[in-house]
Each structure stands twice: as structure tokens, then as C-alpha cells.
Amino acid sequence: MLSLVQVLLSGVATGCVYGLVALSFVLIYKATETVSFMQGDLLMLGAFAALGLHLYVGLPLLPAAIVAVIAVGMLGAGLERAVLRRALGQPHLVAVLLTFGLGMMMRGGVASVPAAAQEVHRLPFAADTLAIGPLVLAASHLWVTLATVVLAGLLAAFFRYTRTGLALRACSEDARVAALMGVPVARMHTLSWALGAALAACAGLLLAPVTFVHLNMGFIALKAFPAAVLGGLTSLPGALVAGVFLGVVEALAGLALPEGVKDVVPYALLMGALLLFPQGLGARRAGRNGT
Amino acid sequence: MHIPSVIRFVRGLVLAVTAAALPAAAADIVGDEIVVGTVSDLSGPIALLGVPVRDGMLMRFDEANAAGGVHGRRIRLVVEDAGYDPKRAVLAARKLVQRDQAFAFIANMGTPVVMATMPIVLDAGRLHLFPFSPHSATYEPLHPLKFQNFAPYQDYMEAATRHMVRERGYERTCLLYQDDDYGLEVMKGVEKALSGLDRELIERTSYKRGATDLSSQIARLRAARCDFVVLATVVRETVAAMAEARKIGWELDMLVTASGYSAQTHELGGAAVEGLYGVSVLPHPYAEGANGQLAAWIERYRARFNAEPNVWSVMGYTLADLFVRTAEATGPELTVDAFARTLEGMEFSRDYFGSPNYRFTPEDHLGNRHGRLAQIRNGRWELITDYLQ
Amino acid sequence: MSQPIRAGAPTGARVAYTLRSLLPWVLILALAVAMLGADYALGKATLVATYAIAGLGVVIVVGQAGQIALGQAALVALGAYAQAVLVRHGVPAVLALLAGVAAGALGGALASLPARRLGGLYFGMSTLAFALIVEEALVRAEPLTHGSAGMTVAAFSILGWRADTTLAQAAVSLVAFAIAVFGCNRLLRSRHGRAWRAVRDDEVAAAACGIAPAAVKMQAFVVGGALSGLTGALYAHWIGFISPEQFGLVFSFELLMLAFIGGARRLAGAAWGALVIVVIPQAIAILRDLLPGDWARAAGLELVLFGAVIVAVVVLRPSGLAGGGARDGASGQNGA
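Residue numbers (our numbering), protein chains in the order written: chain A, 6 to 296; chain B, 410 to 798; chain C, 31 to 366.
These aren't lab readings, by the way, just hints derived from the structure by calculation. Here the structure is a predicted model, which is why all the values come from computation and not from measurement. Just to be clear, a hint being listed does not mean it is correct.
[Said to hold, decoys possible] In silico negatives: residues of chain B with every beta carbon more than 12 Å from chain C:
| no. | residue |
| --- | --- |
| 1 | T520 |
| 2 | I611 |
| 3 | A632 |
| 4 | E660 |
| 5 | D760 |
| 6 | Q784 |
[Said to hold, decoys possible] Quick look at which bits of chain B chain C covers, simulated, 3 or more residues with Cβ under 8 Å:
| no. | region |
| --- | --- |
| 7 | 449 to 462 |
| 8 | 493 to 501 |
| 9 | 506 to 517 |
| 10 | 521 to 531 |
| 11 | 583 to 591 |
For every residue, glycine included, the Cβ atom is placed at its ideal position computed from N, Cα and C.
Chain A extracted, bound-state conformation (with noise of 0.2 Å):
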């Protein structure tokens, strides 16, 4: 029973993560009509970003992690200003195969620099265990719990309050009315951009206790997009809560079901679902898809 606790735990922890990947991954789609395939990427680059800061430049932790959220948040912005803005209004794989390409340059770029390239590093977050009673919980876990807890509270209070925010709704809904209401529809594009790139990177800097930040820490977002999916593509607190579901019963199928079932758990279940409620998890699909 303990371990059953004990495992349910890490599961949401880890599902925090894809909850996190996952809605980067919405808000981008939900502003803009386009999927990004480098959220995974810009999530490494951004674990790297605050080691590099923290140990070359010499920033203490926190400030270095502010520092490389912001500018791996601004790099998205740069990218949509440069290059991702072309892909708005042309069919899905356009935008597929040029976040695909930048992501292939992100993980060359960090994977030229030797020291990236030869070592799993540790951002130096505290190890601990915190024991209540006789649960044990990795200090971690508890961090990226209440991390994604006050992120996910920050966007919904910056959707409800701000008038940016507001403003970014209102494009999401609809951009040709919320142009004609007069919000700078183009600004709002490099907007979400930047948020869905920084939210990103807080989430390697999440995954970095747990996994440690080495390159490859990227593949993880495979698993957002299950995630994504499952919440419905156009949902953020549907991608978020479907991230924290797929993190658990990907951790109790490895408990529970037969070896190697974990695994395909994620694809199986996007599967179900897409079959089983297309109506519900695609409501918006009718005239929104063009391939």
C-alpha cells in the first residue's frame, strides 16, 4: 500500500512535467494554428542555459534561472519574429518540419559546446527527502509539484486579469475578430511564442532534479503530446491535467502491468481516447485543420 503511495507520488511528479510541456505546447497551438515539435528542445536549452549561467557566469541559482527562463522566452519570440511567422495560415506540416529543423539546431548547438556534450550535469538543487510519517518524498517531486501549481495559477491569473492576457484570449478564440476589436494580433503571435517557449524551459529546469540536465532530457516532451492531445489540443488546464493523469498511470502500469506495457501505456490510451471521443476532445476541428 505504501508503495503504491510512494510510486503514485513520482507519478504525479512526473506528470507535472508532461502537464507542463503539454501546455507550452497549447498555448502556442491555441494562439497561433501551429505545432511545435522543439518545445522538447527549447526545455534543454533552457536547463542548460541556467547551468551555464549559474556555473560559468558564476549567478547564484534562482537568478540564473530566471535569467535563462527569460531568454530562452525571448528566443522564441526572436524565432516567431524571424522565421516561425511564415508558417502562420499554411498547412500543419509546415510548421512541423520548421520547428523540427530548429530543434535539430538548438541540440547541435548545445551538443558543439564539449562540456555539454560529454557529461550529465546536476544543477546543484538540494537532494533531500522530506518524510511524513512513513511516506519518504524526494525533495524534488515536492519542488516540481508546487512549481506547476504556481505557474499554472500565475497564467490563469494572467488570463484573467491582464489585459495582455485578455487580449491573448481574445486571438485565441478568434484572431480576424480580435483584430477588428483592435488587438495587435502579430504582437500577440510573438507573445505566446515567448510564453509557450519560456514555460518550456521552467520545465527542464523542473525536470533537472530528477533527470539531471544532459542532452537528451528533450525526449520527454514525447510524452506531452499524448498529453496535449488527451486534454483536448486547445485546452490549457486540460493538457496540464491530462500530463499529472498520464504521469500516474504510466507510473502504475510499471507497478501493476506486465513488463514493457509502461511504455506504449501513453500511446494507447491517446489512441482510446481519439477513437473513442473525437466530438469531445476535437470540438473545435470543423474548418480549423487546414492540412
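Starting from the known structure of chain A, fit chains B and C onto it as the hints suggest.
Just chains B and C, lined up with the frame of chain A:
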């Protein structure tokens, strides 16, 4: 467009191609340069190995060249990055064979890459030396040009498991393995050791490369009441497995293969990996307490690459060293065949790195089968046995 | 835009047209042989032709039928494994080839089932999930596939003749590619091709004209799957060792990029795209050898350049290299 002229052109082309495509002759050394090729992984899943191995080899070859080369010939290392992708590897191997006229291939990296390129290398009559793959096809069946010096996981993990179980009397041995050829090789070795001792493997559980979280695997092993877990993991998962077990207060012994024997394991794992057993096929070059020669070597490596050497750098350096010494022993008349026959009579005794004896014979092209046990004590690996026979 | 050659055009003109479209390829091959050496160049030609076959499949699924396919490599894997397993059990390679094609087609049919209920990106995601499930299934079907340890595949042989030289391998691949192009060309001109394009351009309108979009999508996937299966079956022989991880997401994306770079709406695009995808890493490797000093040792350089090429092509030539321009090859008649 004149169709006849096109046809004539095509016919000429076909003839030219046919002539050129006859089996390429073995690259006997003609000029003043020996080209050594390596199809490495500098950007893929095992880039963490690829880069230091390449640097170690570069360093040894540079030293040989600085000392006037091998019988006056310079050695040039040509590195191709296949990123663990056999398609790229096949083309890279053909480039090395044909364009660079590579005399030998050293340390090709990753089982798919090695298996896809080995026939190309052998058909072209080039040496296939010391690939990074646990596949037994790298030394069996005996082939005049195939040589391997990495102890097979199956052999040394069998010896290590047997030693541990016998010495320490574990009752319930379990296995956590990476779900690929590496993990399967280790599983075979562990099972063989246990069946020799009339025991069974109580529980086995796997993870996929790149897995985030091992908590469910550890919970599963705990539920099986294991008292000894063999880890067929790489650095990151080794740390994760130990940390997870310690976190839930499960104190048991674990033994990791040479893939987890790395200074990174204790650098990343800290207190959580204290007491972990590992198998070493080559000691890590710790600067602290190094003998004079080793300390000087570490200094040279740092100066050259601006990075700390690790066990893989030593491995690369050693492989290149075996090559240079064999080439020297072959004499001025260097041919592929002469090199291979010389290597078959070579025995490399233990050096300042603390490496095992590498010994090749005409009947056996596998240079080493043995590893030794080590344990993490006070934040570094301490060797605790000699090479286990 | 090249003059369309209709089915009824005089034979002589068609032959001349075909030859003319082949000319750049012959030149490229000759140049490659002269510059790189025969084995290396033919090794490339083999892979280019083998890739291009699967590329044709992507052109049909993505360019003609307008679906997002993120898991084509899984269909290649099915073909490769069918071939490898059958050949290992003593089935002649040519017969096994048919089974490989059938396995790919069957996989394509399965992968397209969600299209009955899903469209656009959702369906794309389902193909991704399908691919990952297939990969895992291949790992688990250990008695048959040797799981993640992978399996070796013997050389391709027909009636005692073994294709173990690069020349023979290139010839087999080119013949297979030629047959595939011929078949695809006919299909595109047929009622099926028109239905695919109708569904791509406007699904609702197509349905109104009596075309059943789900059935049409499935046809496209079956054809695409069969072509992928053929690629897989040949690939298994040329590479000689297959393991499930080889057919992952990267392979799928390479195929997508291939079709996109070449021009996803044209069959000729598959060949141009395959050329670019196969040659670029090699060209980068050769360039790198020319660069001096430690700078060129940087491990990620090739990834950066490869990524840059993709981005540049997508940004600068969104219709692909073969899109527009008078010289493009075998299928001038289905230009956008």
C-alpha cells in the same frame, strides 16, 4: 535532345561504373600516411562515450606523430559521426573505405552501426578493430581481420555476479535492465551465474532508454523482496535507481556493469550511491592519488582538450595505443595482413592506467574477458578485487 | 511548367520526355562516381533510391491525399521485419519482398483506421501513437523479431544471384524505384488520384460529389504503406541489421522532410528529396574534413547545418525543390 547520344553516354557510364565497382583491393600502405577511420557517435544517444573516446584516440595518435610517426608514417584519424544511425553509418564506412582509403577501423560505435558497417569493412579487406558493441559477432566466428578487446558483458557479469552471490550469500538476486541489446546480454550473464549456483533470478524489470522515473521499477523489485539487484543501466539510471531505493529506505546491495562505472555516477549521485558495487574493465583516471605517469597523462589531456579525462578517454587512448604498438611491431612493411598476423601474437601487459592484460592469439581475437569489482567509498570508486577469472 | 504528357501522347515523345527527365540524374550519378569513387557513390545511389520509394508513399499520403503522417517509419519497419523474418526462414527474397509490401500495406490500412473519425492534426497524432505502439510491439515479439537485440539479414538474392556488390544493390533499388514510380504515376492519373486530390482540397466538397473520404484516405495509406514496406524490405538487406529503434521518430521525420524538401505534391519530389536527405550529412562530413583546426571537431556541427538546411528550404522554397521549374521529372501532370 539527341537520344542516341544519350544512350551512348549512358552505356559509357555503365561501363565505367562496372569497372570501378570491382571489389576494392585491400589498402596496403603506400604513402607516408596511415589513415585510421572511426564511425563514432558524437551527437546521438551515446555521444557521452563518443566524444571522450575520440579525444583519447586523437591524443595518442598525435603523440605518435610528434614522436616521428610509426616507422616514419604519420597516423591520421578520420572521424565520422553516424549518431547511432546505421543508414548514415553505412555511407560513412563507404566514404572511409573509398575516399579516405582507411587502413583500419577503430572503435565504431553502437550495435546497429557496427553490425551494418562490419561487412563493408571486411569485404573491402580493412581491419575491424575494437568496436563498441556487445554483440558477439564482433569477434566470432573467427575472421582474420576482426578483433575485439572489450570484455563481453555476458562473461564478466557472470563472473561478477557469481563472485558477489558466493561471497556474500545473497538469497534473492534481481535485475533491472535497459531494454536493448546491452540489457539482454547482461541478463544472459546473470542467469548463467545464478543457474551455476542453483539459484533463480527472482525478478527482472526493464526501462526504456531515456526513462524519466524508475520509482515503479524499484517498487516492483522491492515487492519481490530482492536482497541483491544487478543493474544493467547507464550512469543516469544507476543514480536514479540507487537514489530511489535509498529514498524509500530500502538498504540493499546493487551491482552495476562497467557502463555505470564512471566518476559521473558518484558526482551526480552523491551520498545516495555510496556503497554501490560496480564492475570495472579499466579504472577511472582519478587525479588524486594518481601515480606519476598517470598524473602527467591527465595533465596532458586537460591541456589538450580543456576537459577532465574519464574512463572513456582512457579507453580511446588505450585502443589507439594498441594500434600504434602493433603497427610498430609489424615493421616498415605495413600491410593489413601483416598487421593482423602481428596483432595475433601480441600481448599487452598492464600499464599505468591499471588496464587488464590484452592478449590476442591466432585462435582467439577477443583480447580480454575480465572485469574487476569496485565499490563507491567516500565519494569515489575503490577497486576491491583483481580481475575476476 | 512543363508540358503535360498525356496518356495518349506519341510513344516517341514520351520516351524522349522520360529520358530528358532522367538526364540530370545520370549526370549526378556520373559526377558522384567521378568525384567520390564508385562504391561510395553507388552506396549513396542505393540509399537514395530506397528512400525515394518510401518518399513516394509520403507524397501520396501527404501531398496527394493531404493527410499528416508522423509515423511512416513504422510501416517501413513492418516491411523490413516481414522481409527479415521470412528470409531467415528460407523464403526466397523476391517472394518475401511481396510479403514485405503486403505487411506495409496492411500496416497502412490499420494506421488509417482512426481517419474514419478524426481529421487533420488529431489524425496526425494518432499516426504518431500508432508508430510508437508498433515499435514497442516489435520489441516485445521477441521469438520472431529477437526484440531489441536486433537481427541480421542476409544479402538479397534471386535464383542464386546475390546482390552483394554496391552496383547490384543500386541496380535492384533503382529497378524497384522505377517500378514504383511507374505504378504511382498510373495511380495518380486514375480515378483514385483524382479522389485523393479532391479530399485534400476540400473534404466536404469531395463528400458531396460522392467520394467517401474515409475510404479514400485508407486507399492512400494502403498505397503509402505498401511503398514504405518495399523500402523497408530493401533497407533490411542493404543495412544487413535491423532493430526496432532504427525506425523511430527521426526516421519518420526524415521521410516527411524528404517529401517536403523535394516538393510534396510531385512524385519527382521524392527523388530530389531523398537525394538531399541522404547526401547532406555526407556533404557536411566532407566539408568538415576540409575545415582546419579544432573548430570542425565540434560534435553538433552537422546537426546545426542539417537543421539549417531544413529551415532554409521550408522558408525559401515552401513548395519544395521540385515544385515549379521546367525540368522536374517523371510526373509533370500533377503540378499544383
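Results of checking the hints against the structure:
no.: 1; hint: T520; verdict: violated (7 Å)
no.: 2; hint: I611; verdict: holds (21 Å)
no.: 3; hint: A632; verdict: holds (22 Å)
no.: 4; hint: E660; verdict: holds (32 Å)
no.: 5; hint: D760; verdict: holds (27 Å)
no.: 6; hint: Q784; verdict: holds (30 Å)
no.: 7; hint: 449 to 462; verdict: holds (count 5)
no.: 8; hint: 493 to 501; verdict: holds (count 7)
no.: 9; hint: 506 to 517; verdict: holds (count 3)
no.: 10; hint: 521 to 531; verdict: holds (count 4)
no.: 11; hint: 583 to 591; verdict: holds (count 3)
Consistency with the previously given hints fails for number 1 only.
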